[in-house]
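Add chain B to chain A, keeping to what the hints say.
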Amino acid sequence: MKDEKHETAPHPDGEGALIEYLDDLLHDPAAGSSAPAEKPVSASDKNKLTDNVHVFDAGRKALRSAPAVAGSESEAGNAGNKMPIGARAGSKSNRDIKVATIDLSGSGLQRASWLSPSLLTAAHQPSSSESKKPEPPKTPSVEARQTDATTDLAQHTPQPEPQAEAIPQSQPWCENGRPVWAQKAFECLIFKVNGLKLAVPLISLGSIQPLNKKLTGLPGQPDWFMGILPDTAQGNLKVLNTALCVMPERYQADSRSALQYVISIHGFAWGLACDTVEKSITLQPEQVKWRTQRSKRPWLAGTVVEYMCSLVDTDGFQQFII
Amino acid sequence: MANSVQTRTGDDPVIQWVTFRLAGETYGINVMQVQEVLRFTEIAPVPGSSHHVLGIINLRGRVVTVIDTRLRFGLPQEETNDNTRIVIIEASSHVVGILVDSVAEVVYLRQSEIETSPNVGNDESARYIQGVCHKDDELLILIELEKLLTDEEWSELDSL
Chain A
756 MKDEKHETAP
766 HPDGEGALIE
776 YLDDLLHDPA
786 AGSSAPAEKP
796 VSASDKNKLT
806 DNVHVFDAGR
816 KALRSAPAVA
826 GSESEAGNAG
836 NKMPIGARAG
846 SKSNRDIKVA
856 TIDLSGSGLQ
866 RASWLSPSLL
876 TAAHQPSSSE
886 SKKPEPPKTP
896 SVEARQTDAT
906 TDLAQHTPQP
916 EPQAEAIPQS
926 QPWCENGRPV
936 WAQKAFECLI
946 FKVNGLKLAV
956 PLISLGSIQP
966 LNKKLTGLPG
976 QPDWFMGILP
986 DTAQGNLKVL
996 NTALCVMPER
1006 YQADSRSALQ
1016 YVISIHGFAW
1026 GLACDTVEKS
1036 ITLQPEQVKW
1046 RTQRSKRPWL
1056 AGTVVEYMCS
1066 LVDTDGFQQF
1076 II
Chain B
-18 MANSVQTRTG
-8 DDPVIQWVTF
2 RLAGETYGIN
12 VMQVQEVLRF
22 TEIAPVPGSS
32 HHVLGIINLR
42 GRVVTVIDTR
52 LRFGLPQEET
62 NDNTRIVIIE
72 ASSHVVGILV
82 DSVAEVVYLR
92 QSEIETSPNV
102 GNDESARYIQ
112 GVCHKDDELL
122 ILIELEKLLT
132 DEEWSELDSL
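Protein sequence lines, in the order shown, are assigned to chains A and B. Mapped onto our numbering, the consecutive letters of the first sequence carry residue numbers 756 to 1077. Mapped onto our numbering, the consecutive letters of the second sequence carry residue numbers -18 to 141.
The following block holds chain B by itself, in its conformation from the complex:
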């Protein structure tokens, strides 16, 4: 959280989150970790890569790995459409793309509005859920991108 865009209101910092949709739910990621948002483009598969890796794209001469977010979250697969986006993020010293159904907006959330992640099931399964927040009559699921992959999986991206 050290690199968050924060506006201090007393002891309750306001943090900006980029929200995106995935399988009907709204997720949020810290705006400071978002580099850019791309329309869906052809993704070149990488033989032998992990199942959660869709492939690579050429981003202005730089190779960026794209992660299948639906697969990572255990959600059913769906065809891409005009709203599909690749969000380029930086996490754990890696620049990767995550495929999402659509990108919604940037919201401002007070730290105090964020509830801790639910304590059900084993911790491993939901390690990347940082918390939830009630906003505009719906719940935002806030993602901690560093925990989207395990240390081994982050390291594996270097070899692609």
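For reference, chain A alone in the conformation it holds in the complex:
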């Protein structure tokens, strides 16, 4: 398989790095599989990846071409700000995921206030399947959040933040080699950093913050600690350089300038910096090649060949950074 990697034609941008990295992960001797049969990374898989990249190129371009998302107070009144976020259309299959464009005419704080409660709520909701219709909820559900994604945030009254909860205890993995949250279909958010695609389970998601404020660096911290993002919906957020954490051997220092968002994890005071937020997907547990030994890369729950991404174990990440 290693030879195949070298036979593959050069990939544009970070795609090559992604495929190389996933190839390494999938062939890590420490990695085990609970999936019935390992699906090799075939040319068709790589083509699918390329297709997916193209599908979301439009969203990414819109993201980069959009004005700085509500960064300063002077921008707060700019009604033209738009922030594309990968949002799954409720009845569509994963392949037909659309990039929703959210009108951000409010300030960054308003948007953060909107994002955070809904995403925090998602952490308490069971993963919704595609076929389920939203019940009239007293609190917003995952589907409700996706519906809200098309609404104008300017008309959205900031909701009071839910009471912060105690840091959840690390959830043990079940005997079938899967985490508790992956016993049935679960939803993930895919994001990209330094060419690498990562997926974080929605149940672990806190909020998404634009990286548009100065980070306060702290002395004596590891290299992967970028600093503190002040005054977010979740207070002061410790921002981790995701690429440096997960693949220090391939980290390129100039990639730091591409970081645009911080994905915070529910229950923890840290967030993962990323280049782009791509989309949310629903995964069946069988689609994931679960790792059986997570001592080498505790942050890695498994890999998803179909989407060519690595699934993040947030509890493992917490162990990694402490």
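Hints in this document: simulated from the structure, not taken from any laboratory. Here the structure is a predicted model, which is why all the values come from computation and not from measurement. Wrong hints could be hidden among the right ones.
[What the hints assert, rightly or not] Here are a few chain A residues that sit away from chain B, every Cβ distance over 12 Å (derived from the structure):
(1) 933
(2) 940
(3) 1006
[Claimed, not checked] Restraint-style ranges between C-beta atoms, simulated for each label pair:
(4) A:1011 / B:119: 34 to 44 Å
(5) B:97 / A:969: 19 to 29 Å
(6) A:1011 / B:86: 43 to 53 Å
(7) A:1047 / B:30: 29 to 39 Å
Here a beta-carbon is modelled for each residue, glycine too, at the ideal position from N, C-alpha and C.
Only chain B this time, still in chain A's reference frame:
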């Protein structure tokens, strides 16, 4: 904290902090531990001393050790300029000077405004960070001076 200047507002004491700048960030130290602030003066190096010790100065007949704060914090070195100051502090029964880029002001912070230090990395590396506080659109990094050096390093200063 026993020697802090505190103004009680209910159960939420107000503490004064002297702030200084270092590599673009603002740090705070308890005002009660600050004896005086000096302009940069010639520092006499001490052969054989630890790498974080810049040297000694003569402060009205008293020898005071000056610590290279940038080096201690793992920050890149920079040339001194007109804003450079030596802050004379008292910590762990020692009077030492710390070299900083500039001294800013004295701020009043409620105890409740101070967040605990971030819990990343190993505890040893950030032991001297007491907490952070959001003030005037920026984060202050509050330093616990007693932990700026280890017990052995404090003791070593006695031999200089």
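Hints and how they fare:
no.: 1; hint: 933; verdict: holds (28 Å)
no.: 2; hint: 940; verdict: holds (33 Å)
no.: 3; hint: 1006; verdict: holds (17 Å)
no.: 4; hint: A:1011 / B:119: 34 to 44 Å; verdict: violated (21 Å)
no.: 5; hint: B:97 / A:969: 19 to 29 Å; verdict: holds (21 Å)
no.: 6; hint: A:1011 / B:86: 43 to 53 Å; verdict: violated (32 Å)
no.: 7; hint: A:1047 / B:30: 29 to 39 Å; verdict: violated (52 Å)
Going down the numbered hints, you'll see the structure goes against 4, 6, 7, while the others check out.
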